[in-house]
Structure formats: C-alpha cells, structure tokens
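If you read the protein sequences in the order shown, they are chains E, W and X.
Read in order, the letters of the first sequence correspond to residues 6 to 426 in my numbering.
Read in order, the letters of the second sequence correspond to residues 343 to 601 in my numbering.
Read in order, the letters of the third sequence correspond to residues 356 to 663 in my numbering.
Since the hints were derived computationally from the structure, they do not count as laboratory data.
A couple of the hints might just be wrong.
[To be verified] Below 25 Å or equal to it, Euclidean Cα-Cα: the simulated DSS-like pairs (lysine-lysine) are:
no., chain 1, residue 1, chain 2, residue 2
1, W, Lys554, W, Lys578
2, W, Lys585, W, Lys359
3, X, Lys485, E, Lys226
4, E, Lys226, X, Lys483
[As the list claims (entries may be wrong)] Derived list of chain X stretches under chain E, where covered just means 3 residues or more per stretch with a C-beta under 8 Å from a C-beta of chain E:
no., stretch
5, 453 to 466
6, 610 to 621
Just so it is clear, CB atoms sit at the ideal spot from N, CA and C, and this is done for glycine as well.
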Amino acid sequence: MKRFRPLLWLLWCLIIAAPLVFVGLEYEWGKGLWNATLRTDRLRFLVSDIPAWVGGHWLDVIGVLVFLGAVVGFLKLWQLTAWVQWRGEVETRTRGRVRQAGAMIVVILILTLSCRHLADTQIEWGVMVCTYILLALGLNLIVGMTGLLVLGYAGFVAVGAYTFAVLHQQFGLSLWLAFLPAALVGGLTGFLLGLPSLRLRGDYLAIVTLGFGETVRFLIKNLVGEQSIIISRPARVPSLMSENAAWRWLFPDGLTRLKTELWVAVALVVLSIWLIRNLTHSRIGRAWIAIREDETAAAAMGIPTVRLKLLAFTLSAIWAAVGGVFFVAHNTSANPEMFGFGESVLILSMVVLGGMGSGPGPIVGAIVLYLLPEVLRERFPVLISYRPMIVGGLMVAMMIFRPQGLVGSLRRKIELKEEQP
Amino acid sequence: MTILEATGVSKYFGGLKAVENVDLTARPGEIVSIIGPNGAGKTTFFNCLTGIYPLTHGRIRFKDRDIANHKPHVITRHGIARTFQNVRLFGEMTALENVMVGAYCRTRAGILHTLVRTPFSRREDGGTAARALELLQFVGLAGHADSWARNLPYGYQRRLEIARALATQPELLLLDEPAAGMNPQEVGAVTELIGRIRDRGITVILIEHHMKVVTGISDRIAVLDYGEKIAEGTPKEVCCNPKVIQAYLGKTYEDAPAT
Amino acid sequence: MNGAVELETIIGGISRGAIYALIALGYTMVYGILGMINFAHGEIYMVGSFAAIVTLAILTTLTSASFGLAGCLVLSMGAAMLVAAAFGFTNERIAYRPLRRSHALAPLISAIGVSTFLQNFVMNAQTKDKVDFPRAFSDPLWERKLEIVGVHVALIQLIVLAMAVGLMVLLHLFITRSRTGKAMRACSQDKTMAALVGIPVDRVISLTFAVGSALAAAAGMMFTMYNGQTRFDVGYTAGVTAFTAAVLGGIGNIPGAMLGGFVIGLVEDLTAYHLGADWKYVAVFALLITVLIVRPRGLLGERVADKV
Chain E
6 MKRFRPLLWL LWCLIIAAPL VFVGLEYEWG KGLWNATLRT DRLRFLVSDI PAWVGGHWLD
66 VIGVLVFLGA VVGFLKLWQL TAWVQWRGEV ETRTRGRVRQ AGAMIVVILI LTLSCRHLAD
126 TQIEWGVMVC TYILLALGLN LIVGMTGLLV LGYAGFVAVG AYTFAVLHQQ FGLSLWLAFL
186 PAALVGGLTG FLLGLPSLRL RGDYLAIVTL GFGETVRFLI KNLVGEQSII ISRPARVPSL
246 MSENAAWRWL FPDGLTRLKT ELWVAVALVV LSIWLIRNLT HSRIGRAWIA IREDETAAAA
306 MGIPTVRLKL LAFTLSAIWA AVGGVFFVAH NTSANPEMFG FGESVLILSM VVLGGMGSGP
366 GPIVGAIVLY LLPEVLRERF PVLISYRPMI VGGLMVAMMI FRPQGLVGSL RRKIELKEEQ
426 P
Chain W
343 MTILEATGVS KYFGGLKAVE NVDLTARPGE IVSIIGPNGA GKTTFFNCLT GIYPLTHGRI
403 RFKDRDIANH KPHVITRHGI ARTFQNVRLF GEMTALENVM VGAYCRTRAG ILHTLVRTPF
463 SRREDGGTAA RALELLQFVG LAGHADSWAR NLPYGYQRRL EIARALATQP ELLLLDEPAA
523 GMNPQEVGAV TELIGRIRDR GITVILIEHH MKVVTGISDR IAVLDYGEKI AEGTPKEVCC
583 NPKVIQAYLG KTYEDAPAT
Chain X
356 MNGAVELETI IGGISRGAIY ALIALGYTMV YGILGMINFA HGEIYMVGSF AAIVTLAILT
416 TLTSASFGLA GCLVLSMGAA MLVAAAFGFT NERIAYRPLR RSHALAPLIS AIGVSTFLQN
476 FVMNAQTKDK VDFPRAFSDP LWERKLEIVG VHVALIQLIV LAMAVGLMVL LHLFITRSRT
536 GKAMRACSQD KTMAALVGIP VDRVISLTFA VGSALAAAAG MMFTMYNGQT RFDVGYTAGV
596 TAFTAAVLGG IGNIPGAMLG GFVIGLVEDL TAYHLGADWK YVAVFALLIT VLIVRPRGLL
656 GERVADKV
C-alpha cells in the first residue's frame, strides 16, 4: 500500500484537475453527432488576466489593501476603546454620550458632504451597502450572538419585502406605513419557524432554515405570482426639494430621491447599531452569549434557553423584514428571484468575514463584500460574476485561518473533549 | 424541617443503573457531602436534581414543592444553583459578565426595556453589576473582573463558577468537586469559602474526593457506590462504616467469602 | 383517477426515492461518523451529474460511442463516481479536517462555503442554463415500456431502481462484512477508542466521504438520466430533500436513510400528481418540519442523550 501512495496521489491530482480542464467545455447534443470543443480561452482569466491586471494596477491593489487596513484598524481602535469596556457603566456614561454625539456629527457631516459631491452611482453604492449592513447586523444577532446558524435569511427578507409589496399592490400602502406590518409578519414567521426547530441541535436548525428559504420562494411564486411587483413612486422614499435658502446652501441640488434614500438608510443603520448595542450589553445579550458558549451551563444558570433563542430568532427575522421593505422600496420592484440562497450566503459571509458576534464585524463584512467588488467593477468586471465563488472560498479560508473574522471578538476556541458525567 | 428531600431517585441509561433508589435530605444551613468512588453516580445524581437529566423514577421536593423533571432554568429560579465537575464557564465573556449571567433569573427587564435601554433597565443592570462585583470580591476575584474567563487560572475559574452560581441567589448550592485538582493551600481556601457560603445561610451539597475538605466541614456525609447509597451519617460514623471501607479499599482477605 | 395511473405514480416515486436514498446515505454516513451535516453533499451530487454528462460527451466525441449504449452509461457513471469521490475526499481534507476541533459553527460555515464555491465554479465553468442529458442515451430507455399486471413501467425506472438497490446492497455488504466497513462502524461508535485499537481514523473518515460522494454521484447521474437535464443549482433542492429523507429515517442510521429515501420519493411524486409539481418541494419541507416536531430521531433512529 505504501508503495502505491505516490501513484494514488497522482491519480487524485488528475481527477481533481480534470474539471479544470473542462472549464468552458462546450457541447452540443443532437443530430446524431456530438461535438465537444474545449474552450480553454476561458481559462485565461485564471492564468493571465489576474496577474496582468495586478501587474498593471499594482497601485490600485495597494490602495485597496490600505483602505481595507484602514477600515479594520479604525474599527478595531473604536472597539478597543468603546465596545468591551463597560464595567463602570455609570462612570463612563458621560464619555459614551460624548462619543455618541461625536459619531453622529461625523456621520451627518459625511452624509451632507457626500450629497454635494458624490455621483449617483456612488450614492447608489452607499444605499446598498447600508441595506446590507442592516441585514448583516440582524443576522449577526442570531448567528454571532446566539451561535445558531441560519441559512435561509433571505427568506425572512422576502417575507418582509412581499408583505410590503402585496400591501402596496392591494391597498397602496407606502413605505413608512409598511415597516410595522412587515416587521410583525416577519417576526411572526420567525417565531413560528423557530418554535419547532429551536429545540433541536444547531445543524438541524441550519437545514430547516435552508429549506425555509426555498419554501418561501416557492410559496411566493405560487401564491403571489412570478412577475415582479412594482412599487409606485408615491410609496417610495420621497425626494426633498425646497427653495429655503439654508436648504439650498446645504444641498445645492436639493435632495433627490436617491439622496434621501441614503439618509434614510443611514438612519436605519444608526438606529440598528444603537438598538443592537443596547441589546448586547443587557441581560438578554449576555444570556445569548452564554447560550452560544455553553447551552447546558446557561440553562443551569437559570436562563430559559429555548425562549431566548426564539427571541433572537424572531428579532433577527424582524430585522430582515425591515431590511426587505427598504430594499424593495429602493429597488422599486419585488421579484421572488431576488431572495435566493445566494443572497442568504452573501449576507452570512459578510457576518463571517467581519467577525461573528462582534459589533462592527458585520459592517466591515458588508463594506468589503459589497462595496469592494462594486468599486472595482469597472476596472475588473470579472470580480462581480466571480463574487459568489470568491465568497465561498473566503468562508472556508476564514474558518480555517481566522475564525474570529477581520475585526473579531470571538476568540479561537480550543475545545477540550467533553468528559463523561 | 428539610429544604431538600429526594426520595427514591433513580436514573437508568438503557440497562445501566447510574443512580438507583437514592434518598437524600438536606436541612437549611447544612453542609452535606456526597462521596464515593469514581463512576458511583454522584454527578448523575446532581444532574437529576438540577433537571438536566429526566428522572427514571423518584421524587424530589424542594421547599415543599415538587421539582422532579422540571426544566433546569425553572429549578434554578426556585433556588438551586450548581457548579460543574469540569468547569463550564462562558469563555468569551469577562469574569464579571459571567457572574452577571447568573443574575438573569433574578432580573426582569424585558426586551423592550433593554432595546431602548430605559432608565429601569439601566438601573437594574447597574445593580446587577454592583452585586456581581460584590460576589467576585466574596470569592476573592475582585481584581479580575475584566479578565476573560478562559484566561483565568484553573483555581480562579473554579471560584468564578461558584460566584456565578451564587449570583442566581440560591438557597441550595450544589458543588461538584470544587477542590478537584488543587494544591493543599488552595484546598484550604476553598474549604474556608464553602464555610462562608454556609454562613450566608445557603445550604450546600458537596461532591468531593478530598477527605480533608469533606470531614472538615460536612455536617453529614452520604456515600454512593454503584449508584446506590450505602451509608449516611456524621463524618465519624461514615469513616468507620465497614461498607464504606469496603467500597473504597475492597474486601479484606478475612471478609472474602470462601470460594 | 384510476388505479393504474396511481400505481404508475407510485412506481415512479419509488424509483426516484431510490435515488434520494443514495444521496441520503452520504448524509447519514458522514453524520454517523463526524456528527456533522455535510452541507456540500448536494453539490457533490451536482458535480456527479455534470461529470457524467461530460464523460458522455467525451466518449461520443472521441470514440463515437463505440462502447454501445449500456457501456457508455456504465462508463460515465463510473467516471462520475470517481470524480465525485475525489471531490468529496478533497472537500473533507481542505474544509473539514482542519476544523474538527474548533467551535461548533465552523465546519457548518465552511461547508456552506464549499457548497457555494462548487455551485458557482460549475456555473462559471460550464453554463448558467440547463444542460440536457443526451437523449440518444435516455430515450431508448424511456420508450421501452414493460407491462406488469396492467401497469406500464418504463425500463428506465426499473434500471434506476435496480442500480440503486444494487449499490445499496453493495454498501451494506461493504459496511457489515469488510474490514474497512467494520472500522467505519467502530469510528462512528467512538473515534478515540477506535484510534486506540489501531484504526487509522483519519483515513476511515476520508474513505467515508469518498464512498458517500461516489454514491451521490451515481444518484446524480441516474437522476439526470431520469429527468433529462441538470443545472448548476440542482444540488440545493436535492440536498435538502435527501437530507429530509435521512432525518426521516433517523440520521446516522443507514437502513433508515434507505427507507426515508423511498418514503420521500413517494411523497414527492404523489404530491406532484395530486397538487402539481410546484408543491412537491413544499410538501417535503412540511414533512421535514413535521418529523422534527413529532419524532426528531426519525423512524429507525435511536434516542441520543446529551452528555453533561
């Protein structure tokens, strides 16, 4: 056996390499003759395109790396100063207030400036990044804090989005009024799905939610219809124009619909961050982390584990639903195909990349995984179509090399084998 | 007057009788020790008391309330707390947060309060933190409140676990080998700590192998062997009980039946 | 409707169920030995279906199908199984083995990563569209109808059923009779103890993945032949369906997975027949939820007590 080992490895290499060779194999059936042509030119992307691009744009590459480093570094610093410290809650509260006010001023300043100077495409990126941040923050509640893997998150997003879309179609409901019913329906869905599945082991939950995501799509297709539902103008975020002098000075071009959307999106994100921060530092947040760390011990310390998991699940679904409403309003139409498994995985990978269970982690994840490919799209169009592939590989790599994520609060755990009772 | 009254507690795993027909009572303010060879079913008995395992049969009354087969968190709320044989802290939390988790069942701020951090929840949280700090001080970890639980030395982790259990404001505390793996000096400190816990008016049931701890502070000792209680009494009585000696040391030559 | 059509539906359901059973076996074997759900298993099945088609394309281009219909089919199935086994093996080596001792979510997330990667790899490397199974190979099998007590059964249904059952019997023999099979069972009972008595646990785990993947690939090939086409995302639905089968039978339990597969096939085809094809997925999902509520350990599974 030992003697054949190199041979076996060779065989293995051949088999694994085989699909690579067939990249772009084109075949045509019928007419009694089958033609298989090898389109190796598509391999070029792997062999020459990337190196050539990197060679030609090394400054860009360095820029991107520096940008990434800056984002992570900034958040790390922020986290070190603010996130963990909280023993003297009473003493640091004033300091926290000052910090919060400062952060708000910076955010408002950036927003105002960007409304003056940024092009529409860039504002569009901003709105989408905020949407993804919102969704990632919600998912982090359940995946990061409570330690339960949810794979059908897009299903909850779809529930919220379609609650809005259908209410709009039937009663002409506008965005603002839709948040509440969407959150209710979303939360209820999460609650009902969690009720049977949260009593079980974590991986069962993962697959139940996986199935749920797909089922929601099937149900929408069959009950609502496969066609897109258009959200008419009055139901969307309005544009804010005014002849007021101060307004003209602040926003020389007025606030177009897109720019108002950016403000709304940022407001939603800021609100979410505040709420989630409150949760993390409350008895409920601590109970969630305790459940993640050791469910049996948590139960023995008087924590009703099932009820709290259900709570996290419901809240996370509510966040998804709210995000879904906003997303649909921004996108102006809802279609079942927008909420597929790929979307769930993308949001999950944002959480994983940024750092499960960390406060700013999902924000970093969303920025890196949404903004970066979009910004680089013009220079390197392949990146968008290969994003899912990269995301997949990245998730494996993160788990192996840096399970705590880029920002990271979850430390690498070296779990000992559980002892016999 | 008893605070805990367990009668006929049995737990079978398939054909294995891990605990068989064990009776145990504890009076308020008492320290009761459970000893016995490894695998005698001591921890399983604890797991039955705290609701982690459902009973095969038997009755458990705590403060004249039937708690057999209740959910673990309900039992904790009634006033029974425990530590684990293999320390089970929440590693990704600080020592202080670990203790604060214990206070969950004694606090009330609901989801709406915590979401917007109302003055009520803020006050309650401040109280929890203050009490947790006080408990850390009580077990001698005052300087380590902000250390990550997983980075604490083993002996500290054991004491932190006791503090966490105390944070649930128990009337009965179950300690599963609190002195395991400690040096004589630390053993002394733990013994002293258990005494102070009793002085707070908390009843303690203790599983322990260190005979010094057991004989030093126990009011009564129960001995388990092969899942059954073979003896119970004051430390002196138990130490002289031939059955106990037999369980620990095996049969002497003279006692062995002629075969 | 009349009884004959109903019976035909049932037979169709059973032969599809046999395919699901093959995929479910992979889930159950890995679960039995590692205690984790291999989310990438559905993708292995999909890779298998593509590998089979590519092999057929190569065979017909290079050799003008000179092996004959049966020969080509067997060869393509063999190739698919080989490729999938290599993929499963690699998957375990790269994505699961380094994570065996890390926190509970890590292997699951890693598996999702692998699954996304494979799906999009095939999509980018092959096509976004459906790929047809060469009709020249599948049509003759559909056209030959056998009549058994008044019920029409296509030859392909019998062949699929026979091949699937054959593979299951082989697997059963392998696990119960062979030395390696015994090692597998030992590992699923207690890996530490197995290692102590000299069983190369890592190799056994690799082998489990390889065998499970090969079975999935065989299922992929047969399903494509049966359905007529495949696409890069078929692994997703097939994966959830087969997982439901595994849970239904009792996860970790090999006869359970076989039983579950047949039941799921029947449920699917009967729902499709009575309510419409769109609803079969919903029916499967409803079944999964029901099983989890009513009997989480499945039909043949044993109750497992958590250790404290």
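Hints versus structure:
{"no.": "1", "hint": "W:Lys554 to W:Lys578", "in the structure": "holds, 13 Å"}
{"no.": "2", "hint": "W:Lys585 to W:Lys359", "in the structure": "holds, 20 Å"}
{"no.": "3", "hint": "X:Lys485 to E:Lys226", "in the structure": "holds, 20 Å"}
{"no.": "4", "hint": "E:Lys226 to X:Lys483", "in the structure": "holds, 21 Å"}
{"no.": "5", "hint": "453 to 466", "in the structure": "holds (count 12)"}
{"no.": "6", "hint": "610 to 621", "in the structure": "violated (count 0)"}
Violation of the numbered hints given earlier is confined to hint 6; every other hint is satisfied by the structure.
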